[in-house]
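Asks: What follows is each chain in one-letter form.
There are 2 protein chains.
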Amino acid sequence: MKTEHVNQITEAVNAVKAMDVKNFYFVACGGSMASLATGDYFLNRELDIPSRVYTSNEFVHVDPKGLGENSVVILRSHSGTTPETVEAAKFARSKGAVTIAVSMEVESPLCQAAEYVVHYNYKDGSDAIDGETGVYFSLIFGILNAVSPNEKYDRVLKQLSHLENLFETNKKNTFDRAFEYGKENKREKIIYTMGSGAYYHQAYSFTSCLLMEMLWIHSNAIHSGEFFHGPFEITDFDVPFLIIKGDGPTRPLDERAINFAEKFSNKVEVVDVAELDYTGVDEDLREYFGPAIAGVVLRQYADGLAEHTGHPLSVRRYMWKMEY
Amino acid sequence: MKTEHVNQITEAVNAVKAMDVKNFYFVACGGSMASLATGDYFLNRELDIPSRVYTSNEFVHVDPKGLGENSVVILRSHSGTTPETVEAAKFARSKGAVTIAVSMEVESPLCQAAEYVVHYNYKDGSDAIDGETGVYFSLIFGILNAVSPNEKYDRVLKQLSHLENLFETNKKNTFDRAFEYGKENKREKIIYTMGSGAYYHQAYSFTSCLLMEMLWIHSNAIHSGEFFHGPFEITDFDVPFLIIKGDGPTRPLDERAINFAEKFSNKVEVVDVAELDYTGVDEDLREYFGPAIAGVVLRQYADGLAEHTGHPLSVRRYMWKMEY
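Protein sequence lines, in the order shown, are assigned to chains A and B. Numbering-wise, the first sequence is residues 1 to 324 according to the UniProt record's numbering. Numbering-wise, the second sequence is residues 1 to 324 according to the UniProt record's numbering.
The hints are simulated quantities; they were obtained by calculation from the structure and are not laboratory data. Mixed in with the good hints, there may be bad ones.
The list makes no distinction among identical chains, and a pair is therefore deemed to hold if it is satisfied within one copy or across any two copies.
In the DSS-like style, the derived pairs of lysine-lysine whose C-alpha atoms are separated by at most 30 Å in a straight line are [claimed, not checked]: (1) 186 <-> 2; (2) 267 <-> 189; (3) 158 <-> 65; (4) 123 <-> 95; (5) 90 <-> 22; (6) 263 <-> 321; (7) 172 <-> 65; (8) 267 <-> 321; (9) 17 <-> 65; (10) 172 <-> 90; (11) 95 <-> 152; (12) 321 <-> 123; (13) 171 <-> 95; (14) 321 <-> 65; (15) 158 <-> 186; (16) 65 <-> 2; (17) 65 <-> 186; (18) 321 <-> 152; (19) 152 <-> 172; (20) 158 <-> 267; (21) 263 <-> 123; (22) 263 <-> 152; (23) 183 <-> 152; (24) 152 <-> 189; (25) 17 <-> 95.
Predicted, not measured: the structure shown is a model, and the values here were computed from it.
Start from the sequences and build out the full structure, keeping to the hints where you can.
Replies: This is the structure in structure tokens:
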């Protein structure tokens with residue numbers, strides 16, 4: 001990892017370490033919120049300190065009672081310009097919370113509004129450890145290790161150096177299937193996604209940002225555990241599902257949903273995270289790496305759809321075109 | 001309120017009052033989870049004690065680190081038989097948490113598994129104060145008042161006696177429009193819902209239980225604040241939205257989403273909670289009553305769709321028909 005990233009992360013982690021943290025808030029919008037939610041998932045499972053995810057504008061308007069001087073607020077925006085998130089950073093800071101901005105633009109309004117900045121490189125040829133996933137996971141496991149030291153987290157932090165290889169290998173291994181998926185599903189007007197645990201947020205991101213935003217395909221990210229309590233009645237032979245079979249404790253929820261969906265729909269695609277390549281990652285750390293890798297694999301499914309629908313992922317009809 | 005309900009609620013509230021509560025968990029599935037989430041919303045906004053919502057199976061599998069002897073776990077299942085929620089009650093109890101079951105069946109497995117039981121009457125001609133909303137809101141505001149006494153909560157508890165009239169009046173006032181809505185939208189294959197704050201959960205419930213489960217209409221409950229960060233690109237002249245314009249601090253989020261949706265879609269239906277009848281409710285308490293009333297109003301929109309699609313809300317293809 002480049003020194004500037006190491007320094008930024010160290011500063012932020014040290015600030016957290018020096019406090020008596022009462023709670024964590026993860027605040028962002030859309031895909032950025034979904035990315036942050038992976039951190040919320042791990043913190044909530046491994047730490048005895050509460051954490052909560054908010055979409056930025058709701059955070060500011062609801063003004064949660066727990067927000068204050070002993071809060072850590074982690075905010076994220078790719079460009080660092082998302083107005084609601086910039087506002088949320090100012091708001092959190094005015095309440096005395098420690099604020100950490102995650103963004104690719106160190107000079108952005110978000111990074112200027114927050115007390116601590118953790119910036120990542122983007123499409124500049126950098127190694128993945130200096131990219132959005134490498135930097136964010138380093139921050140999260142740095143915080144975990146600071147608040148509740150564990151040799152496991154030390155190993156995660158070291159093995160994150162394999163991300164570049166893991167991304168490349170897994171992209172290569174899944175490319176053909178993702179391309180084929182795009183061909184098979186290019187006429188679909190609606191595609192449901194499903195997942196649980198840390199992977200629910202990948203499903204949410206795929207639904208909101210890739211299917212709805214970039215491909216204009218109707219969608220809903222269903223939690224695998226919620227599927228049987230309402231949504232599953234929509235299942236039929238011609239209803240498409242893209243389901244993440246996650247790693248970690250909630251895998252049985254995904255398995256149950258997949259078993260059902262495959263019985264009644266002919267259009268079920270399963271992305272099995274346990275079948276990915278984890279070279280260089282210790283067996284007991286796999287569940288921490290799965291969410292980091294799943295994103296780049298899923299992205300290829302969107303590329304496949306873009307290719308075969310002739311609808312590039314870069315096309316928008318509202319964003320960048322008007323005020324809203 | 002009937003004495004048995006008063007006694008059950010008092011016992012549960014006293015148990016919470018006697019503890020040093022570290023956190024609240026709201027645990028259920030589907031529509032029951034969405035109902036509980038209203039409590040989570042109010043607690044999180046008004047108390048300096050963290051709370052969190054879980055779908056039952058994820059709660060058990062993730063095993064959040066914060067769960068323990070100082071936790072209060074509120075669980076809900078209409079029939080009290082939802083296996084995942086019964087399991088969650090046993091799990092929470094095994095961890096030493098105080099468990100409170102909310103159900104219509106006092107003899108159900110859920111009520112037997114939990115330490116405290118708060119049961120409500122259902123379709124037996126009882127007044128709404130003894131029904132699911134009256135009893136649950138009495139529990140939540142009883143807890144709020146026990147943990148952080150406030151004359152405001154006293155007034156909410158007293159004015160909940162108006163629920164029956166509020167339900168009847170508002171159902172009457174919105175019946176014609178809901179019926180007409182069903183006629184206008186009977187051919188729609190997909191209907192998006194939207195909301196924020198306490199009302200997001202109403203949108204979720206309407207999407208999962210009424211549209212997808214009962215009417216087999218595709219849907220996704222979009223958070224009004226998230227709409228602009230992905231989902232809004234799906235908006236087009238022929239894409240239907242049913243949007244709850246909520247009361248309370250996040251109303252501006254709904255207004256922004258409505259303004260946008262109405263500009264680009266010809267099929268936007270707005271249910272404005274501020275326009276409902278609040279006779280007997282103090283001005284400053286309206287935002288606590290809106291979520292209680294919105295559910296019965298929205299239900300009529302589903303009735304309208306059922307009437308005009310000829311698809312009764314009671315029809316299922318999987319539930320009650322097979323093991324899954």
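Asks: Are the hints correct? Go through all of them and say.
Replies: Outcome of the hint check:
1. Taking CA atoms no more than 30 Å apart as the test, residue 186 paired with residue 2 passes in neither setting, with 41 Å inside one copy and 58 Å between copies.
2. Taking the shortest alpha-carbon separations for residue 267 and residue 189, both the intra-copy value of 13 Å and the inter-copy value of 18 Å come in at or below 30 Å.
3. Proximity of residue 158 and residue 65 under a CA criterion of 30 Å is satisfied inter-copy only: 25 Å between copies versus 37 Å inside one chain copy.
4. Neither within a single protomer nor between protomers do residue 123 and residue 95 lie at most 30 Å apart by alpha-carbon distance, with minima of 35 Å and 47 Å respectively.
5. Taking the closest pair of Cα atoms, residue 90 and residue 22 come within 30 Å of each other both inside a single copy (20 Å) and across two copies (28 Å).
6. Proximity of residue 263 and residue 321 under a CA criterion of 30 Å is satisfied inter-copy only: 14 Å between copies versus 43 Å inside one chain copy.
7. When the C-alpha separation of residue 172 and residue 65 is checked against a cutoff of 30 Å, the pair qualifies neither within a copy, at 47 Å, nor between copies, at 37 Å.
8. Proximity of residue 267 to residue 321 under the C-alpha cut-off of 30 Å is restricted to the inter-copy arrangement: shortest distance 23 Å between copies versus 35 Å within a copy.
9. For the identical chains of this complex, residue 17 and residue 65 are neighbours both inside a copy (23 Å) and across copies (19 Å), given an alpha-carbon limit of 30 Å.
10. Within a single copy, residue 172 and residue 90 get their C-alpha atoms no closer than 42 Å, and across copies no closer than 45 Å, so neither meets the 30 Å cut-off.
11. In this homomeric assembly, residue 95 and residue 152 come within 30 Å of each other (Cα to Cα) only across copies, at 25 Å, whereas the closest approach inside a single copy is 34 Å.
12. Proximity of residue 321 to residue 123 under the C-alpha cut-off of 30 Å is restricted to the intra-copy arrangement: shortest distance 24 Å within a copy versus 52 Å between copies.
13. With identical chains, the CA atoms of residue 171 and residue 95 are never at most 30 Å apart, being 43 Å at best within one copy and 42 Å at best between copies.
14. Within a single copy, residue 321 and residue 65 get their C-alpha atoms no closer than 37 Å, and across copies no closer than 45 Å, so neither meets the 30 Å cut-off.
15. Neither within a single protomer nor between protomers do residue 158 and residue 186 lie at most 30 Å apart by alpha-carbon distance, with minima of 41 Å and 57 Å respectively.
16. For the homomeric pair residue 65 and residue 2, neither the shortest alpha-carbon distance inside one copy (38 Å) nor that between copies (33 Å) is at most 30 Å.
17. In this assembly of identical chains, the alpha carbons of residue 65 and residue 186 never lie at most 30 Å apart, being 47 Å within a copy and 43 Å across copies at closest.
18. Taking the closest pair of Cα atoms, residue 321 and residue 152 never come within 30 Å of each other, the shortest separation being 47 Å inside a single copy and 46 Å across copies.
19. For the identical chains of this complex, residue 152 and residue 172 are intra-copy neighbours only, at 29 Å inside a copy versus 61 Å across copies, given an alpha-carbon limit of 30 Å.
20. Taking identical chains as interchangeable, the C-alpha atoms of residue 158 and residue 267 are never at most 30 Å apart, the minima being 40 Å within one chain and 53 Å between chains.
21. With identical chains, the CA atoms of residue 263 and residue 123 are never at most 30 Å apart, being 41 Å at best within one copy and 36 Å at best between copies.
22. Taking the closest pair of Cα atoms, residue 263 and residue 152 never come within 30 Å of each other, the shortest separation being 39 Å inside a single copy and 52 Å across copies.
23. For the homomeric pair residue 183 and residue 152, neither the shortest alpha-carbon distance inside one copy (42 Å) nor that between copies (59 Å) is at most 30 Å.
24. In this homomeric assembly, residue 152 and residue 189 never come within 30 Å of each other (Cα to Cα): the closest approach is 44 Å inside a single copy and 49 Å across copies.
25. In this assembly of identical chains, the alpha carbons of residue 17 and residue 95 lie at most 30 Å apart whether taken from the same copy (19 Å) or from different copies (29 Å).
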